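Enquirer: Taken in sequence, the protein lines are chains A and B.
The opening position of the first sequence corresponds to residue 30 in my numbering, with each subsequent residue numbered one higher.
The opening position of the second sequence corresponds to residue -19 in my numbering, with each subsequent residue numbered one higher.
Just so you know, the hints here were simulated from the structure itself, not pulled from any lab data.
Just so we're clear, the structure is a prediction, and the values are computed from it rather than from any experiment.
Please note that a few of the clues may not be correct.
Claimed, not checked - Chain B residues, not near chain A, derived (Cβ > 12 angstroms throughout):
#1 -16
#2 -12
#3 -6
#4 32
#5 46
#6 56
What the hints assert, rightly or not - Derived DEER-like restraints, expressed as beta-carbon distance ranges:
#7 309/A - 60/B: 23 to 29 angstroms
#8 45/B - 305/A: 34 to 40 angstroms
#9 90/B - 141/A: 56 to 62 angstroms
#10 198/B - 177/A: 36 to 42 angstroms
#11 198/B - 229/A: 50 to 56 angstroms
#12 245/B - 60/A: 57 to 63 angstroms
Claimed, not checked - Computed from the model, here is a short list of chain A residues facing chain B with C-beta under 7 angstroms:
#13 167
#14 170
#15 313
All residues carry an ideal CB built from backbone N, CA and C; glycine is no exception.
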Amino acid sequence: MDLSVRIGSLTLKNPLVAASGCFGYGVEYADVVDLSTLGAIVSKGLFLSPREGHPAPRIVETPAGMLNAIGLQGIGARRFVDEKLPELRARGATVLVNVCGTTLDEYVEVSRVVSDAEGVAGIELNISCPNIKEGGIQFGCSLTGTFDVVSAVRKATRLPVIPKLTPNVTDVASFARAAEDAGADAVSLVNTFLAMVIDVESRRPKISNVVGGLSGPAIRPIAVRMVWECRQTVKIPIFGIGGIADARDALEFLIAGANAVQIGTANFVDPFIWPKVLDGITDYMRRHGIARLGDLVGSLDTREDTADPTRRCKTQT
Amino acid sequence: MPIDVPARVLANRRLSDDYNVLALDAPAIAAATQPGQFVMLKPGIGHDPLLRRPFSVFEVLRDDGGTAAAITILNKRIGASTRLICDATPGRRVDCLGPLGRPFTVVSPPSDAWMIAGGVGLAPFATLADALRGRGVATTLFYGARRGEELFYLDFFRAAGVDLVLTTEDGSVGERGRVVAPLERRLAERSAGAPVMLYACGPEPMLAATARIAMRYGRPCQISVERIMGCGLGGCYSCVIPMRADDGSVHNVRSCIAGPVLAADRVVWE
Chain A
30 MDLSVRIGSL
40 TLKNPLVAAS
50 GCFGYGVEYA
60 DVVDLSTLGA
70 IVSKGLFLSP
80 REGHPAPRIV
90 ETPAGMLNAI
100 GLQGIGARRF
110 VDEKLPELRA
120 RGATVLVNVC
130 GTTLDEYVEV
140 SRVVSDAEGV
150 AGIELNISCP
160 NIKEGGIQFG
170 CSLTGTFDVV
180 SAVRKATRLP
190 VIPKLTPNVT
200 DVASFARAAE
210 DAGADAVSLV
220 NTFLAMVIDV
230 ESRRPKISNV
240 VGGLSGPAIR
250 PIAVRMVWEC
260 RQTVKIPIFG
270 IGGIADARDA
280 LEFLIAGANA
290 VQIGTANFVD
300 PFIWPKVLDG
310 ITDYMRRHGI
320 ARLGDLVGSL
330 DTREDTADPT
340 RRCKTQT
Chain B
-19 MPIDVPARVL
-9 ANRRLSDDYN
1 VLALDAPAIA
11 AATQPGQFVM
21 LKPGIGHDPL
31 LRRPFSVFEV
41 LRDDGGTAAA
51 ITILNKRIGA
61 STRLICDATP
71 GRRVDCLGPL
81 GRPFTVVSPP
91 SDAWMIAGGV
101 GLAPFATLAD
111 ALRGRGVATT
121 LFYGARRGEE
131 LFYLDFFRAA
141 GVDLVLTTED
151 GSVGERGRVV
161 APLERRLAER
171 SAGAPVMLYA
181 CGPEPMLAAT
191 ARIAMRYGRP
201 CQISVERIMG
211 CGLGGCYSCV
221 IPMRADDGSV
231 HNVRSCIAGP
241 VLAADRVVWE
């Protein structure tokens, strides 16, 4: 059974990827997960310099989800390369670095730092964090900003470039198109949904940043729809992200058109989730006689079937 | 290395309207737990509530042969997950991940040990009291609660040879007021040459006050903090607390893996 996924020049051994900001730097999980068994891990978002992030409280639970505003606390790209990357390499992890910037130049500089390091397999461009004022989202919410930052990083590195898109726009697919036009090797979607939770007794926001990003099973159906829309718009691979908590959730994204999936919030609930999801996907492929994962990708059947009303689907125009 | 087990609820002992002690069949976790460590529990099934909750390991229960067989946790009903823990019936399964976090450093004689607990902050001190008794350390528990009915396990600590100093906010048992008041008096009376390690767990204002008093009297103090925690493994960066580094700079430190036990004189209280 072939579970591999091609992303530009990179081949992932399977479609399961640990989402940025949900897996620390990867080394934190080395005791509970064999990092070499994952398709890839995506580091926490990294700027050029260390950042302390927002004060606590940084998360609050919501129905079937959670809101976070960590504020991209991180050790900076150079310390990541010096202090974390060697252990990740030794453990056989495929490492994608989530690259952040407050300016276009910083994106380029961070991309150069990680491209020069041994053992980085690709760059996920964070242009979608909803929780910091400067940088990131200002690129991710503008089609020209998205195009410009992807183009600039594309010129600065030979590594696969994978912009991570925000769902907090009217038409995610047009941003996927802008990324593809700028030379992206793939897109990750979606980042979290901007949201807020209020304590009515104190009339205070429940997290220090007032607003934060919603993740978890609550957002999954919206994320699946966005992946499906983007699949019809771009040819490059898609990392589907949003509330995946088991194999069936992952399969939904793959059928909708994702080539690989990222798991984030569910890893907090169950750090032993990875082999369970992988086994579930292979069981499904065996049951359905699918030899190559790629044959499953984008296999959604939306044909109208008048004989069976439960199969009556309306294709989007 | 932490493990995750679907632990069977062995017993659920109600202590008051909103406190209970839940015993969980988790022998491997019980055997590996050191005083001050915690577990992440998922008391419900499905996605609501979604996240696990951190709980100090309260007791390590042993069988007749002395082998660690189960853990208990001390629970105070506050929200949805703690309500499920409160209502958990024997036979149910609770996903239990642990043991996690950095434990207390257990002192030896000639140092004495003073444990300072506020409310549900009693939780890490039963296992610590056992460890201290094993080393022959003279141990005192300063224990404060809202009212006398919320001072629990006093006989347990007495049986462990622990001296008790009790306070209640309503004055129904022990001294009226906050637990840090008798702590400060005892420290003022104590000879500078008599070493004592302070261990504190409870609400953050109490921890901050204890840390200030410890520094004022030049005593080492380990505090166990409880912050809103997403994963317990260092992945989510939710549970950070500002701490001062050797060079004086302040950094947000993950209390799940750097703690929950932290050096009180390094914590920067907001």
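Enquirer: Indicate, hint by hint, whether the structure satisfies it.
Expert: The hints, checked one at a time:
1. -16: 6 angstroms, violated
2. -12: Answer for residue -12/B: holds, closest chain A Cβ roughly 19 angstroms.
3. -6: Holds: least Cβ distance 25 angstroms, greater than 12 angstroms.
4. 32: 6 angstroms, violated
5. 46: 28 angstroms, holds
6. 56: Given a closest Cβ separation of 17 angstroms, the condition holds.
7. 309/A - 60/B: 23 to 29 angstroms: 28 angstroms, holds
8. 45/B - 305/A: 34 to 40 angstroms: 35 angstroms, holds
9. 90/B - 141/A: 56 to 62 angstroms: Roughly 58 angstroms apart at Cβ, these two residues keep to the hinted range, so it holds.
10. 198/B - 177/A: 36 to 42 angstroms: At roughly 58 angstroms between Cβ atoms, residue 177/A and residue 198/B fall outside 36 to 42 angstroms, so the hint is violated.
11. 198/B - 229/A: 50 to 56 angstroms: Given a distance of about 45 angstroms, which is not inside 50 to 56 angstroms, the answer is violated.
12. 245/B - 60/A: 57 to 63 angstroms: The hinted range 57 to 63 angstroms is violated for residue 245/B and residue 60/A, with Cβ atoms some 30 angstroms apart.
13. 167: 23 angstroms, violated
14. 170: 24 angstroms, violated
15. 313: 21 angstroms, violated
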